[in-house]
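Engineer: Chains as they are written, first to last, in this note's numbering: chain L, 1 to 389; chain Z, 1001 to 1600.
It is worth saying that the hints were derived from the structure and are not from the lab. Careful, some of the hints might be misleading.
Stretch by stretch, here's where chain Z covers chain L in the computed footprint (C-beta under 8 Å, at least three residues) [as the list claims (entries may be wrong)]:
id	region
1	74-86
2	189-199
3	218-225
4	267-280
5	316-323
6	356-366
Derived DSBU-like pairs: lysine-lysine, alpha-carbon spacing no greater than 35 Å straight-line [as the list claims (entries may be wrong)]:
id	chain 1	residue 1	chain 2	residue 2
7	L	K112	Z	K1555
8	Z	K1319	L	K290
9	Z	K1528	L	K23
10	Z	K1573	Z	K1319
11	Z	K1067	Z	K1248
12	L	K290	Z	K1517
13	Z	K1319	Z	K1225
Quick reminder that beta carbons are idealized off the backbone N, C-alpha and C, glycines included.
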Amino acid sequence: MPPAAASDEAFGLYVHWPFCLSKCPYCDFNSHVRERIDSDAWASALVREIDHFAALTPGRRVTSIYFGGGTPSLMDCSATATIIDRAAARWGLADAVEVTLEANPTSVEAGKMKDFSAAGINRLSLGIQSLEDESLRLLGRRHSAREARAAIALAARTFDRFSFDLIYARPGQTIAAWEAELREGIALAGEHLSVYQLTIEPGTAFHQVFGRGDLVLPPENEGAELYHLTQAVLGDAGLPAYEISNHARPGAECRHNLVYWRYQDYVGVGPGAHGRIAIDGVRHATRQEKVPETWVSRAMREGHATVESLPVGRDDAVTEALMMGLRLAEGVDGARFARQTGVALMDAIDPAAAARLVAGGFLERMPAGVRATPAGRAVLNAVIGALLD
Amino acid sequence: MTDQSLIRNFSIIAHIDHGKSTLADRLIQRCGGVEQREFRDQMLDSMDIERERGITIKAQTVRLEYKAADGRTYVLNLMDTPGHVDFAYEVSRSLAACEGSILVVDASQGVEAQTLANVHHAIEANHEIVPVLNKVDLPAADVERAKQQIEDVIGLDAADAIPISAKTGLNIDAVLEALVTRLPPPRGNPDAPLKALLVDSWYDAYLGVVILVRVVDGTLTKGTKIRMMATGAAYEVDRVGVFTPKPKDIGTLGTGEVGFITAGIKAVADCRVGDTITTERKPAAEALPGFKPSLPVVFCGLFPVDPAEFEHLRESLSKLRLNDASFVYEPESSAALGFGFRCGFLGLLHLEIIQERLEREFNLDLIATAPSVVYKIHLTNGEVVELHNPADMPDPVRIDHIEEPWIKATILVPDEHLGAVLKLCEDRRGIQKQLTYAGSRAMVVYELPLNEVVFDFYDRLKSVSRGYASFDYEIANYREDDLVKLSILVNAEPVDALSIMVHRARAESRGRVLCEKLKELIPKQLFKIAIQAAIGGKVVARETISALRKDVLAKCYGGDVSRKRKLLDKQKKGKKRMRQFGEVEIPQSAFIAALKARDD
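Could you build the full structure based on these sequences and the hints that come with them?
Structural biologist: Have a look at this one:
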């Protein structure tokens, strides 16, 4: 069994808010549309899960909190305050704790930004997705490009740190059009930007539309060109990729998401949330009940709605640590990898495959570990597949 | 023992679907061989695969008792034989055990090629032939035309042909009377030393090896010590019986009778079809004529899709061979497909049947390589080697010349499709030997290289003639030609499973098609892939698969870890079905599809 991570390492808390005003056609996250939500009851249930997990992880200090969804900006500001305060009371918060909230850029949320800031949110992540009205409609978003620009400006004034998301490789999008949109995004951006290539996931509305051929994604070659253009333009603008789809000025990376990619410990509370935590020195993978109503009643009744809590086996730990770590520009740190998995990094990967990947320019050995080159990150699925043979 | 003069041994000759099994069913019912409640269609075809395909693979017999118009009760032994050319030798042994045949011709279809070949075998075996015209109840039946065809194409007098309907039972009695009155009783000397023809044998889970015999001279009794004259093996007979069609012990088989014996025999391989059985104590001076071991003419590699199934495949092959000694196998290893077996078959149908039985009865998932014929490689040092697998081709500098087997093919086809059929034969290097007409149907005889036929000739023939052409062939001889081994290289590494023997004139186009097909089938990978077709060191076709440019998940956060890891694990399992060639992974599906690629 891999040993637990050192207790002075980063420790994240993820809070899932599963509700949206409408479901976006590309989104495969656990999100639901409900007529009315009892925000207080939900906050109480989340608090109970925090108590539960805090009891399982004594001695840890929370270094980041992330409200994700769904649309957590639909929460009452007081509910976010309750949750942050409870985390502080149970675990304690690190001095430089990062508290992120995902928000939609509609006027409703814009009016709540000040209160969120007062509640303890210090980083906002806006789901902008596009700066063109037509594309926003295609993506099923409820905001206009004008609202998007206004929300970005307000976030910049209200929060110490903010970021927003853009989606590219949309149907019919030309390379020139994306470059122009991206440059506008850079002009509006602070120190962090997430840019995602549109992918069609099973179980989404787009899956049917694209399956029928009513809409088509750009071909692989064009997707690759868009990706490399994105990397180059953002790199030149001082926002290099620190992860496949995430760009930041050095030092402005999202610390919470780094916890995932560095395969460190995080607690997940709320419907369908996943966690990786050391319990009694053994790393566990946890998963909470997915259906919102079932989750809330179970959490209230039993103090938590964990449906699975399993020790992570050595092979799974190796796969997960590599799969996540190679997404980062910094790569996988050998010492941390060994600590997390119980296996030396060089023993975990197929040496012949590694040699081929290094010779092919997809992988680099570093003094402290290994990392995928920019070329390797573009085809990371194949690289990981080859490494883990 | 039955009075020899009251025995009639006969077989039924028919093209597939012309109603042989239905007629057999009707004869059995008429003679009370089975009670109505036990009756099921295709009584004599016991294997699932026989029943489904409507074909007979193993010979079967049934003993019927028929009270004839003359008031005497006759014993009629029906031998149901495999009708297909692949089993021509088995057919000829079955026919040798009878004195006559019923020739069934579908009155709505007319004479077909397969019928023709089998009737000729029957005529060679000196059979009295009773033509019957089946399916006369169908509106499309044309009795006069069918009679004319029997006379024109086969050369038999059809004046006394009996119009019947096996389906409705019309004129079944007339058929039985014809058997009794027109077929001679078996000859043979009851007082001579035992000579019994081994007609067929099979493995029965309860009885062990069961042997089907026709007693030619003498008698065969339970408890007798017998000897197989070709193999020399000796056994004591524990059971003697007949099929009614249920097995029934009778103790003794007299001269002219047909039945089964068991003798504690473990392997069918010890019981060669055509062998002569005699007694240990008073052996016959000489064996019956005509014994020859059947030789495989078509070879292919069979590999388990899952490499872990190799041992299971080995066991399954050995079990299947218990029941079918005519196919051979030996271990083979291929860089592309791993460990498997090189198997030899009597023909293409035989190959298909064995493959299907392995998959069905033994639950195996198999990859079969392209069928190959047996080439004779004449080396410069005068030696001649037989080549069963293109991958084993000797170095070309050591080869003086290569010979390949040719067949004589007989095709019957309606006039309007003749052109397409002739073109197909010409495309396959055929040489026309004969072209005659019978009414609106043409009969063409071609000589063709077997190599050009094993692949998909039959499918193509059916397709160009809209299903109307029928085809039969016999192995003719070996002929020299300009044959080369076409190799496929992936990033300069030869892929053994894809190498084929081909005529030099067709090598380039065949190579091009294979390369194009592989380009479609091999997914893009991290590295560029070159696919080449080469003869010796000379590349005759080339395709390039460009490197993968983008393949990464856009999003992967804390909640995705487990799900994406499971996806990766699944990918890894899928990879077990990929074969590694240097840097390149080739999915097995690519091999299978490439092996089916044709250039016409």
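Engineer: So, for every hint listed, does it hold in this structure?
Structural biologist: So, going through the hints one by one against the coordinates:
Only when three residues or more bring their CB closer than 8 Å to a CB of chain Z does the claim for the region 74-86 of chain L stand; here the count is 0, and the claim is violated. A stretch counts as covered by a chain when three or more of its residues have a beta carbon under 8 Å from one of that chain; for the region 189-199 of chain L and chain Z the count is 4, and the coverage holds. Remark: the region 218-225 of chain L is confirmed as covered by chain Z, as 4 of its residues place a Cβ nearer than 8 Å to a Cβ of that chain, reaching the required three. Restraint check on the region 267-280 of chain L versus chain Z: 6 residues with Cβ-Cβ distances below 8 Å, three needed, restraint holds.
Under the rule that three or more residues need a Cβ within less than 8 Å of chain Z, the assignment of the region 316-323 of chain L holds, with 4 such residues. Counting residues of the region 356-366 of chain L whose CB lies closer than 8 Å to any CB of chain Z gives 4, so the stated coverage by that chain holds, three being the minimum. A distance of roughly 28 Å separates the Cα atoms of L/K112 and Z/K1555; the hinted pair therefore holds under the 35 Å criterion. Between Z/K1319 and L/K290 the CA atoms are separated by roughly 52 Å; this puts the pair beyond 35 Å, and the hint is violated.
Proximity of Z/K1528 to L/K23 is assessed by CA-CA distance (about 41 Å); at most 35 Å being required, the pair is judged violated. With a C-alpha separation of about 30 Å, the suggested pair Z/K1573 and Z/K1319 falls inside the 35 Å cut-off, and the hint holds. With a C-alpha separation of about 20 Å, the suggested pairing of Z/K1067 with Z/K1248 holds against the 35 Å cut-off. Proximity of L/K290 to Z/K1517 is assessed by CA-CA distance (about 46 Å); at most 35 Å being required, the pair is judged violated.
The hinted pair formed by Z/K1319 and Z/K1225 meets the criterion: a straight-line CA distance of about 27 Å does not exceed 35 Å.
Consistency note: the structure conflicts with the earlier hints numbered 1, 8, 9, 12.
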